[in-house]
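Asker: Here is how the chains run, residue by residue.
There are 2 protein chains.
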Amino acid sequence: MSERHVVIIGGGLVGSLTACYLAKRGWTVDLYEKRQDTRMQQHGSFGENRSINLAISERGLAALRRLDPALEAQAKALVIPMRGRMIHALDGHQSSQAYDIFGKHINSVSRSELIKLLLDEAESYPGVKLHFGYEFITADFDTGRVVLQDADHGGRNERCEQGRVIVNADLIVGADGAFSRVRQRMMAKVMMNYSQTYIEHGYCELSMEPRNGNFAISPDHLHIWPRGSFMLIALPNLDKSFTCTLFMPWQQFDSIKCDADIVALFRAHFPDALHLIGEKKLCAEFAANPKGSLMYVKCLPLTYKGRVVILGDAAHAMVPFYGQGMNCGFEDVEVLDRTMVEALQNANASSERTADLSNHLLRCALDKYSATRSVDTSAIVDLALENYIEMRAKVVDLRYLTRRFLEGLLYRMFPQHIVPLYSMISFTSIPYADVVARWNRQSMYLCRSVKAASLAAAFGIGLLSARLLGLRLPSLSEIARIVIRKD
Amino acid sequence: MSERHVVIIGGGLVGSLTACYLAKRGWTVDLYEKRQDTRMQQHGSFGENRSINLAISERGLAALRRLDPALEAQAKALVIPMRGRMIHALDGHQSSQAYDIFGKHINSVSRSELIKLLLDEAESYPGVKLHFGYEFITADFDTGRVVLQDADHGGRNERCEQGRVIVNADLIVGADGAFSRVRQRMMAKVMMNYSQTYIEHGYCELSMEPRNGNFAISPDHLHIWPRGSFMLIALPNLDKSFTCTLFMPWQQFDSIKCDADIVALFRAHFPDALHLIGEKKLCAEFAANPKGSLMYVKCLPLTYKGRVVILGDAAHAMVPFYGQGMNCGFEDVEVLDRTMVEALQNANASSERTADLSNHLLRCALDKYSATRSVDTSAIVDLALENYIEMRAKVVDLRYLTRRFLEGLLYRMFPQHIVPLYSMISFTSIPYADVVARWNRQSMYLCRSVKAASLAAAFGIGLLSARLLGLRLPSLSEIARIVIRKD
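Just so you know, the protein sequences line up as chains A and B, in that order. The opening position of the first sequence corresponds to residue 5 in this note's numbering, with each subsequent residue numbered one higher. The opening position of the second sequence corresponds to residue 5 in this note's numbering, with each subsequent residue numbered one higher.
So that you can see chain A by itself, here it is in the shape it has in the complex (with noise of 0.2 Å):
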């Protein structure tokens, strides 16, 4: 077979995983980036708006072992785990909840460190060529004939010439994230079932700096002040800082119009954690940092004729509360690549060599791809949706901590059973429809057996009061028949 040409629009996360994998199976990449290399800029800049708090869990990782068991051995050496939450009480008070009884852990990682560690391994393999500075302008995607513009010699909207680039591709990926343009491109080709959505809530990254040269918090945890409509989440940092983040509905933000009234929120809500941060920082800080919306996209379907494949927030952006969105897009790669190594299989092949695939495999590969990752990103974007209402205000709850403890119970006895779904998003791979699927049948069982030992109670505390009472019992054909009649 001749050499397979793939172009990938995005040097992201996502995007070098891809470069990776690609490489891995035999494909030449060329992936260009709109951003200069990342790589050059100093430790902990925010990067265009972008968080440089993620959280990697089991899929993530999973994605980084399946291509290179070492890629994720170097991986996990750059997080801190995150063992549970910490609620800061309005009080100061700290009170830690295990995300998992058998202790497993979600990890905090820079993104500008994991970036780096990516496009480091994207570029050991010799077929992969990263390009910089270069933005994606169009593309026939029948033809497979990419435009793009390098970023130094004028704009997009410009019409010069100069600098204009034009590849042929075999297969053209989209990992350009939330606003993605390659989407946009196919969604002018396909009839694309496409939704995207914004919270009315907004974030601001503020910097809680070490004290006394070590962390001025538990850094065994993810730190967040519940306050019911808005939170302040805080995670750990390699250099012993946190970065906290503050989430709050849009017109809460516009009502701050001063340093005073950041400084009053802050008295008033999080009095511990303005103690840390410091108020002037604080000030500063809020003034200079950007302040982020949050949106969620849904589309269908993610690829288009063999030729184009979507993958990451570009397929399926979402509302960053459950810590999935670099996860999920990382299983994306990782599920792209099995359905692809299958197709092999399937024609008999004896490599893995996904290069190799005829165009028609590789169409009916990223076909079935896109009906069935779909299913499982829907399940997690509307997930992270919900997790933000549990994690602002459920998790001071009684009846939410009352299911925890009682799930927490049973999974313990059952652990192949009764899985809460935190555990199953976080620490698995299951499918995240599977997942939901599986979370509602348990909650169905948990519900009817609290029902049915209820029962079971009363009628123990009847019968011994009866006894107690010296009543006479009903025989038990008299209860058959009561029972009977009653359904």
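In short, the hints are calculated from the structure, not lab data. Warning: the hint list may mix true and false statements.
If several chains are the same, the list does not tell them apart, and a pair holds so long as it fits within one copy or across any two.
List of simulated lysine-lysine pairs, DSS-like, C-alpha gap at most 27 Å [stated by the list, open to error]:
| # | residue 1 | residue 2 |
| --- | --- | --- |
| 1 | Lys261 | Lys285 |
| 2 | Lys309 | Lys261 |
| 3 | Lys372 | Lys295 |
| 4 | Lys193 | Lys261 |
| 5 | Lys302 | Lys193 |
| 6 | Lys309 | Lys295 |
| 7 | Lys261 | Lys372 |
| 8 | Lys295 | Lys284 |
| 9 | Lys193 | Lys295 |
| 10 | Lys120 | Lys133 |
| 11 | Lys80 | Lys261 |
| 12 | Lys455 | Lys309 |
| 13 | Lys398 | Lys285 |
| 14 | Lys244 | Lys133 |
| 15 | Lys133 | Lys309 |
| 16 | Lys120 | Lys295 |
Place chain B on chain A using the hints.
Answerer: Just chain B now, kept in the frame of chain A:
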């Protein structure tokens, strides 16, 4: 006040009506339409995949009336009233279902004739200039700078300066249809919630010629051949022909490979229509005519900072099954005009020259339009989708017909209180969302009334039977005890 300039993108039905309204209110209007002047085209030609068949009803007519009662009269001269649905059974039996027991009706009208009327009307205002063959390229929504391209001088992707037109607008109206570029540009500027959804059915238009110089079937009806998962409909034209539209799932379209297949489909499901259309014509038209897709769009906001507004399909494309697409678009224009005139009146202006609105007041008016109108357009988009099931399946369902009969009876008895959904949508100007709310209330009452009537009847029969059998009847106090205990 100096001259206020509006640029309208799109010279279809909604764009041309907007031109009239704004010109009447003192605006200088430049309207740019991508296609050439449709008034030059032959009558009845299929214009770019758009149906030539439309139904205009109260909302559409009311919008024309508010602009100029003479215009409404001119439009009415172009229509053929359709007083009901004519249901064609498989055996050829036809049964008529009146749209309204008081004789109200919808009106079949040719798209091209109506556009011609509106473009002529727009041109009659001295402030209006129509530009055909100009494509919208981009706009700076903050400054109002709009870039257009003369289609005769290279298409959109060419980078030639020739034929490039730049205009400055105080207000930009996007009336450029379901795939609106103005909306797309707006999405890059504001946090727009947006969704587009394709249904799994497509359509193909066919024509039924007059027979012996007259309509082949009743011209007073919208004809329906409901067949469950698919259907054929037919609307009368002034030249005594009918335009038929076949709606069916894409996979059913895909299964038709040759002339014999389409003839077989018609012979099995629409034998009377096959006879009237003719085998040869059916085959020729089915092969030649485009197969259209059906989608709906919802978005919010509909405006940008008092500078841009999207109207018609650009704001709320819908499936055609309630005959409300154009009517809703016309109503958009009317509601926008009312909102702007109200803003003037609230500022104690004596005129209705909305061109005199200050920037601030214009922005407030547009914001208000967006917030209120989007609720109504969202409601009709949903209703249009639901009505597809009604048209292709429910119209022959016994439960549906029973409810329809009962409702008709109550409508005749209490025309102020019980109005069928179809009548509220098609024969009133009650805001769509209010219609839905009222309909839900009515349904609840109807349901309760039927239950009460059934109970009363059962009680009566019971009483009668008991007397006939000579049984002792319980006393009132006994009944009261039973009833109370039961509750």
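Asker: Which constraints among the numbered hints does this structure fail? Numbers only, ascending.
Answerer: 11, 12, 13, 14
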